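Knowing the structure of chain A, use the given hints to seat chain B on it.
Protein chains in written order, with the numbering used here: chain A, 1 to 324; chain B, 325 to 648.
In short, the hints are calculated from the structure, not lab data. Worth double-checking, as some hints may not be accurate.
Label-pair ranges, simulated between beta-carbon atoms [unchecked claim]:
| no. | chain 1 | residue 1 | chain 2 | residue 2 | range |
| --- | --- | --- | --- | --- | --- |
| 1 | A | N84 | B | A588 | 32 to 40 Å |
| 2 | A | D83 | B | D613 | 33 to 41 Å |
| 3 | A | A188 | B | V628 | 38 to 46 Å |
| 4 | A | N84 | B | D585 | 47 to 55 Å |
| 5 | B | K584 | A | I158 | 52 to 60 Å |
| 6 | B | E475 | A | K277 | 51 to 59 Å |
| 7 | B | A588 | A | G154 | 16 to 24 Å |
In silico BS3-like cross-links for lysine-lysine, where the CA-CA straight-line distance does not exceed 30 Å [what the hints assert, rightly or not]:
| no. | chain 1 | residue 1 | chain 2 | residue 2 |
| --- | --- | --- | --- | --- |
| 8 | A | K97 | B | K421 |
| 9 | B | K421 | A | K234 |
| 10 | A | K233 | B | K632 |
| 11 | A | K59 | A | K234 |
Residues from chain A that face chain B, not an exhaustive set, calculated with beta carbons under 8 Å [as the list claims (entries may be wrong)]:
| no. | residue |
| --- | --- |
| 12 | I112 |
| 13 | L138 |
| 14 | F262 |
| 15 | N263 |
| 16 | E265 |
Treat the numbers as computed from the prediction; the structure is a model and nothing was measured. Ideal Cβ positions, reconstructed from N, Cα and C, are used throughout, including at glycine.
Number of protein chains: 2
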Amino acid sequence: MYSFKELQDIVQKEIDGLEFSTPPEGLFEPMKYILGIGGKRLRPILVLLSANLFKEDLKKIYLPAIGIEVFHNFTLLHDDVMDNAPIRRSKATVHEKWNSNVAILSGDAMSIKAYQYIVSCEDRHLRDVLTVFNQTALEVCEGQQFDMEFEDRGDVQIDEYLEMIRLKTAVLLGGSLKMGAVMGDADAKDADLLYHFGVNLGMAFQLQDDYLDVFGDEEVFGKKIGGDILCNKKTFLLIKAFELAKGDDKKELEEWISAKDFNAEEKITAVRSIYEKLKVKDQSQAKIDEYFSLCLEYLDKVNVPAEKKKELYTLVKKLVNRSV
Amino acid sequence: MYSFKELQDIVQKEIDGLEFSTPPEGLFEPMKYILGIGGKRLRPILVLLSANLFKEDLKKIYLPAIGIEVFHNFTLLHDDVMDNAPIRRSKATVHEKWNSNVAILSGDAMSIKAYQYIVSCEDRHLRDVLTVFNQTALEVCEGQQFDMEFEDRGDVQIDEYLEMIRLKTAVLLGGSLKMGAVMGDADAKDADLLYHFGVNLGMAFQLQDDYLDVFGDEEVFGKKIGGDILCNKKTFLLIKAFELAKGDDKKELEEWISAKDFNAEEKITAVRSIYEKLKVKDQSQAKIDEYFSLCLEYLDKVNVPAEKKKELYTLVKKLVNRSV
Numbered sequence: 001m002y003s004f005k006e007l008q009d010i011v012q013k014e015i016d017g018l019e020f021s022t023p024p025e026g027l028f029e030p031m032k033y034i035l036g037i038g039g040k041r042l043r044p045i046l047v048l049l050s051a052n053l054f055k056e057d058l059k060k061i062y063l064p065a066i067g068i069e070v071f072h073n074f075t076l077l078h079d080d081v082m083d084n085a086p087i088r089r090s091k092a093t094v095h096e097k098w099n100s101n102v103a104i105l106s107g108d109a110m111s112i113k114a115y116q117y118i119v120s121c122e123d124r125h126l127r128d129v130l131t132v133f134n135q136t137a138l139e140v141c142e143g144q145q146f147d148m149e150f151e152d153r154g155d156v157q158i159d160e161y162l163e164m165i166r167l168k169t170a171v172l173l174g175g176s177l178k179m180g181a182v183m184g185d186a187d188a189k190d191a192d193l194l195y196h197f198g199v200n201l202g203m204a205f206q207l208q209d210d211y212l213d214v215f216g217d218e219e220v221f222g223k224k225i226g227g228d229i230l231c232n233k234k235t236f237l238l239i240k241a242f243e244l245a246k247g248d249d250k251k252e253l254e255e256w257i258s259a260k261d262f263n264a265e266e267k268i269t270a271v272r273s274i275y276e277k278l279k280v281k282d283q284s285q286a287k288i289d290e291y292f293s294l295c296l297e298y299l300d301k302v303n304v305p306a307e308k309k310k311e312l313y314t315l316v317k318k319l320v321n322r323s324v
Numbered sequence: 325m326y327s328f329k330e331l332q333d334i335v336q337k338e339i340d341g342l343e344f345s346t347p348p349e350g351l352f353e354p355m356k357y358i359l360g361i362g363g364k365r366l367r368p369i370l371v372l373l374s375a376n377l378f379k380e381d382l383k384k385i386y387l388p389a390i391g392i393e394v395f396h397n398f399t400l401l402h403d404d405v406m407d408n409a410p411i412r413r414s415k416a417t418v419h420e421k422w423n424s425n426v427a428i429l430s431g432d433a434m435s436i437k438a439y440q441y442i443v444s445c446e447d448r449h450l451r452d453v454l455t456v457f458n459q460t461a462l463e464v465c466e467g468q469q470f471d472m473e474f475e476d477r478g479d480v481q482i483d484e485y486l487e488m489i490r491l492k493t494a495v496l497l498g499g500s501l502k503m504g505a506v507m508g509d510a511d512a513k514d515a516d517l518l519y520h521f522g523v524n525l526g527m528a529f530q531l532q533d534d535y536l537d538v539f540g541d542e543e544v545f546g547k548k549i550g551g552d553i554l555c556n557k558k559t560f561l562l563i564k565a566f567e568l569a570k571g572d573d574k575k576e577l578e579e580w581i582s583a584k585d586f587n588a589e590e591k592i593t594a595v596r597s598i599y600e601k602l603k604v605k606d607q608s609q610a611k612i613d614e615y616f617s618l619c620l621e622y623l624d625k626v627n628v629p630a631e632k633k634k635e636l637y638t639l640v641k642k643l644v645n646r647s648v
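Bound conformation, chain A alone (with noise of 0.2 Å):
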């Protein structure tokens, strides 16, 4: 068994180890530079960590669980030039190191080379891992379409906003550990089972992360708290605040969303004080403590020992903040 460490490790030496160096440099360059500038690399760590449940040499399995990551890096090139967003993880984004045409072809040269890692896995495995591949990254464009639109719909529900972070985020969790069952020879009900953990706990990572926007600690999220906020994000939290909020409330939360001249400090502090009177921050909670317990739930009925699941109920405690 490997340690979520280790394969990080592993994951990091493949990454450095990829040959981009055919010409023209000009469309391989940014690829290595958005590789390059680090991330968790969850997604192939899911990929093998689900492997590693059904089988202990890995080996065949790098490379496609790397293709995952050069996918989640091609669509986060393009989301960058969508939101027109100059700063990735500290550094510049590809359309601002370069330009947005280099972002756009490099983009589409890097999702045909996630396709050559993903199709190197074994023959046997390969029409799976394509079907369910094709239809997560399809989902992941349909999730980041509906979260484009919603930045223009003022009337954008809960149910539609967890439906977009399904597309958007919680599928490729899945579908990450879904390919790893398969390429672990797997049955095809463990390989579901680790499908629906990785949704759920996609879906309790992301709205963690939207709560952790608004009530977490600067230092240990790791980014700047109020983002959200700052730029009325349709997160959980301010659709539930417009949802619960009468009155007085709901009057000034509308004020502070359509304020054009603000206090940036000022407008953080009052929506957050708004989420805390109408127990939106206990409804948010509430509500990643479902997924969480779901998450679990499929975890639990994957049929292999315990002892062999031992590092994804950590990770799953790492990712969700919560004791297992």
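Below, chain B alone, put in the same frame as chain A:
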């Protein structure tokens, strides 16, 4: 044996029957739109004509063939964003009709759809089809990257130009034919011959397209003549002209290239005259003939009765405007 026309109808019917009705509409409408504005459907027809050399029943190959057309249209969609092109086949481009973000994201989703269709091939062909497709798709991106880089360079050489059009245009024709051969259960040798047939056909076709943009008949060519000259596009003709021009010819050419204020018709006529004077026109024709002969040599060698290849010979003749 199917005729080109029959296959064109089949391809069109299949494209019309594609289901793009799942939400979000904003993601799938642009796909329907760009697939709907037509084109010759050359690539899927090449897949099917190639397979048809080796087998009669093509039904299982329809969808993978459509996948190649979807991929091709995805590249057009993103190229149009990168080139900031307002019009494609007399219609507004996707980023004009919607916006850049829509074009980027629906293009991304389209490339995944392309994979979904392509991998619908039979299991025994899956690995080979994917190997050809992945390599080809990546090369198409490399070609686009070179094309964009050439815009900012004054020293592009003929060989570099030929390599760029090989990657950007020719390999996808070769790849289509090879994938068709694989799905038709051709042996590896015939599949490779068809690949090289297609690549050389693609070279001849692109050079002919460049030629017609300068010397063609607007009625027959179907688009305005002289566009490449007006935007100083570094085609075979212009690069060759700079290679050969001396003294006053060189000075005149340079003046037209750097001119900011000019009468369009005057520039077209002047540059065309220089091309004729420098015999660039003849050299272009000679180069087209060279690729045309090579492509026929490869097709000749494909190990099926000559009569089965009739449709392909007719197609080549039509595409390159030569008699076989």
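Evaluation of the provided hints:
1. A:N84 - B:A588: 32 to 40 Å: 36 Å, holds
2. A:D83 - B:D613: 33 to 41 Å: 51 Å, violated
3. A:A188 - B:V628: 38 to 46 Å: 42 Å, holds
4. A:N84 - B:D585: 47 to 55 Å: 35 Å, violated
5. B:K584 - A:I158: 52 to 60 Å: 57 Å, holds
6. B:E475 - A:K277: 51 to 59 Å: At 57 Å between Cβs, range holds.
7. B:A588 - A:G154: 16 to 24 Å: 48 Å, violated
8. A:K97 - B:K421: Holds - the C-alpha atoms of K421 (chain B) and K97 (chain A) are around 28 Å apart, at most 30 Å.
9. B:K421 - A:K234: 27 Å, holds
10. A:K233 - B:K632: 61 Å, violated
11. A:K59 - A:K234: It is violated: about 42 Å lies between the C-alpha atoms, which goes past 30 Å.
12. I112: Since the shortest Cβ distance to chain B is 5 Å, the answer is holds.
13. L138: 5 Å, holds
14. F262: Status violated, d = 27 Å.
15. N263: 31 Å, violated
16. E265: 31 Å, violated
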